[in-house]
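There are 4 protein chains.
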Amino acid sequence: MKKEAIAMLEERGVTLRDLAELAYELQNPYIPITVDIALENVHKVLDKREVQNAILTGIAIDKLAEKDLIEEPLSSILKRDDSLYGIDEILALSITNIYGSIGFTNFGYLDKVKPGVIGRVNDSKGSQVNTFLDDLLAGIVAAACSRMAHSLGDSNKN
Amino acid sequence: MKKEAIAMLEERGVTLRDLAELAYELQNPYIPITVDIALENVHKVLDKREVQNAILTGIAIDKLAEKDLIEEPLSSILKRDDSLYGIDEILALSITNIYGSIGFTNFGYLDKVKPGVIGRVNDSKGSQVNTFLDDLLAGIVAAACSRMAHSLGDSNKN
Amino acid sequence: MKKEAIAMLEERGVTLRDLAELAYELQNPYIPITVDIALENVHKVLDKREVQNAILTGIAIDKLAEKDLIEEPLSSILKRDDSLYGIDEILALSITNIYGSIGFTNFGYLDKVKPGVIGRVNDSKGSQVNTFLDDLLAGIVAAACSRMAHSLGDSNKN
Amino acid sequence: MKKEAIAMLEERGVTLRDLAELAYELQNPYIPITVDIALENVHKVLDKREVQNAILTGIAIDKLAEKDLIEEPLSSILKRDDSLYGIDEILALSITNIYGSIGFTNFGYLDKVKPGVIGRVNDSKGSQVNTFLDDLLAGIVAAACSRMAHSLGDSNKN
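Protein chains in written order, with this note's numbering: chain A, 1 to 158; chain B, 1 to 158; chain C, 1 to 158; chain D, 1 to 158.
Just chain A, same shape as in the assembly (with noise of 0.2 Å):
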C-alpha cells in the first residue's frame, strides 16, 4: 500500500523529495540533517498503515470532487475548498499526531505559509482539485520534521 501511496502523490505531481526538501528546511536550523536524512524520515512516515489511509483516502475525495462524482453541497464545498470544511485538516493532522504532538505546530505553520510544493499543488486548484492534498503534505512533512526530532534529540521549539 506504499507504493500506491506514493504513485498517487506522483499522480498529483508531489514527489518525496519535495517533501524532503521542506522537511530540511524546517529542521536545518535546529539538528544537523541532510535532504537525504529528511527523504529517509519521510519514507518511515510512509511505512505507517495510518498515513497511507490518510493520503489514500483524502487523494480519492479529491478525484472523485474532480470527476464531479460527489453529490452537492458537498461537492462545491471541496471543490471551492471552502475555509470553514475543515475536514481535510483533521484527516492530515492524524498523519503528524503519530509522531506525537510536537509536529502540530509545524503542520500550523506549513499550512498557513504554504512553502515549495504546498504552495505550488494550493496554486494549481482552479485545474485541479487539491482541497485535500496540500494539507496532507503539510501533514507529512510535519511528521517527518517530528520524526527527526525524536530521533536526533531536539527539534525546532525556542
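Keep in mind the hints are simulated off the structure, nothing from the lab. There's no promise every hint is true.
For identical chains, the list gives no copy identity; a pair is met inside one copy or between any two copies.
Here are the simulated EDC-like pairs of lysine to aspartate or glutamate, each with C-alpha atoms no more than 16 Å apart in a straight line [to be verified]:
| no. | residue 1 | residue 2 |
| --- | --- | --- |
| 1 | K2 | E72 |
| 2 | K3 | E71 |
| 3 | K3 | E72 |
| 4 | K44 | E11 |
| 5 | K2 | E71 |
| 6 | K3 | D68 |
The hints should help you fit chains B, C and D onto chain A, whose structure is shown.
For chains B, C and D alone, kept in the frame of chain A given last:
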C-alpha cells in the same frame, strides 16, 4: 446543510429519534432527562457546521464505495470495514471533540458495544457499505451526551 | 525516563502485568496472543517519550492534589474527579493516539467499564487522588491493543 | 471559574486585550473586524469550561515548577521547556479543538512565529516558567479566530 445531513442519515436508515434514544439511555442514569430532551440535544449537535461536514463526507465515501467508484486498494478496505483503517474513527471523533474531551469515553463505549441503531447499521453491512456511518452515529450520540452533561451540570463519569 | 514512569505507576499500585492482563483480555478474542506478548507490547508503549511524559505529568498532578499543593478551584475539581474536567482524558488520549485512531474505541470502553486494575484504582479514590491515573491506564492498555492489532494484522473491530 | 482563569492569566502578565490584538491581526486581512469584536470573541472562548480547565491546569503546572514543587525528571523538563515534551501543545490544542479543526493552522503558526504577547511570555522564560502559558495563549487566540470565522462566514485559508 443541516437538512441535507439529516436527509442523508435517513436515506441510510437512521432517524434522529434513534440517536436520541441511545443518548437518553446513556445519560439517564446520571442526569434527569427525557427522550425529547435528548432529541433536542441531537438537533443542537447537528446545527454545527463541522458535524454536518463530517456526516456529508463520511456517508459520501460509504456510498461511493457501494457504487464501486473508488479505486483499489481503498475500495476493498472500505468494503470489508478493515479494522486497521481508522479514518472512520477520526472523522467521528471530530464530532465528539466539539463538546470537549468528556465525550471520548462514550464514543469508545458505543463504538465497541454497538447498541441500538449503531448495531443495526453495523449488521446491515453486506448489502450496504456502512464503514463510516456506524462511527459517525457513535460520534453524534456521544456529542449529544456531552452537551447534556455540560448544560445540566453532571455526567456519567463515576 | 521509562524507569521513572514505571516506578511512578508502581508507587500508585499498578504493575505492568496488571495492564498486560487487561490488554490480553481485550485482544484475545480477535488475535492469538498470550499475556507475555501483551506485556511485551505494554513495554513497547512505555518506550515512547510522549507516553512517559503523559504518565509523569498526570501522576504528578494527582500527587500534588493529594498533598494540597494545588490552588483552588482546581484543587477541588481534581479531588472530586469532576466529570466535566476532561484534561485527564486529553492526556490519556495522547497516549492512545500514537498507534493511530483504532485505539479510541478500546480507550472509551475501558474508561467506561473500568475492568481490572482500572476499577481498583478508581475505587481507591478517597484515600488517593487518582483523577489522572485511571485514564492514563486506559490509554496505555488501549495503545498496547492497537500495537498488537497493527503488528499481528487484525483487531477487535467487528 | 472564568474569573479565576482571567486572574491567573493577568497574574502571569497577560491581558485579554493582548490576545484580542493578536486575533485581530490574524483575521483582519480576511474578515471585517475590530479589536473590540476580537475581544468579545476571546471572552466567548473563555466562557467554555474546557478552556478554563486547560488554563487553570497549565498555569498551575508552570507555577509549581517555578516553586520547585515538582519531582525530577519532570521538573527539569518543564523548566527548560524541553522541545520534545509535547503535553503543553496537547493541552493548548484542546482549546483550539472546541471550534473545530480550522483552528489548527492558526495555532501552529502562532506557536512557531510567536508574535506579540506570545513572544513576550516566551522571552520571559528564565525568570518565570512559562512552558504551558505560551501554548495556551496560542490556543486561545486560534480558538477566537475560528469562532470569528465561523460566525462571520469566512476565514484566513487561502
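A quick look at each hint next to the structure:
For a Cα distance limit of 16 Å, the shortest separation of K2 from E72 across copies, 13 Å, qualifies, whereas the shortest one inside one copy, 32 Å, does not. For the identical chains of this complex, K3 and E71 are inter-copy neighbours only, at 14 Å across copies versus 30 Å inside a copy, given an alpha-carbon limit of 16 Å. When the C-alpha separation of K3 and E72 is checked against a cutoff of 16 Å, the pair qualifies only between copies, where the shortest distance is 12 Å, while the shortest distance within a copy is 32 Å. With identical chains, the CA atoms of K44 and E11 are never at most 16 Å apart, being 21 Å at best within one copy and 37 Å at best between copies.
Proximity of K2 to E71 under the C-alpha cut-off of 16 Å is restricted to the inter-copy arrangement: shortest distance 15 Å between copies versus 30 Å within a copy. Taking identical chains as interchangeable, the C-alpha atoms of K3 and D68 are never at most 16 Å apart, the minima being 27 Å within one chain and 22 Å between chains.
Of the hints listed earlier, those the structure fails to meet are numbers 4 and 6, in rising order.
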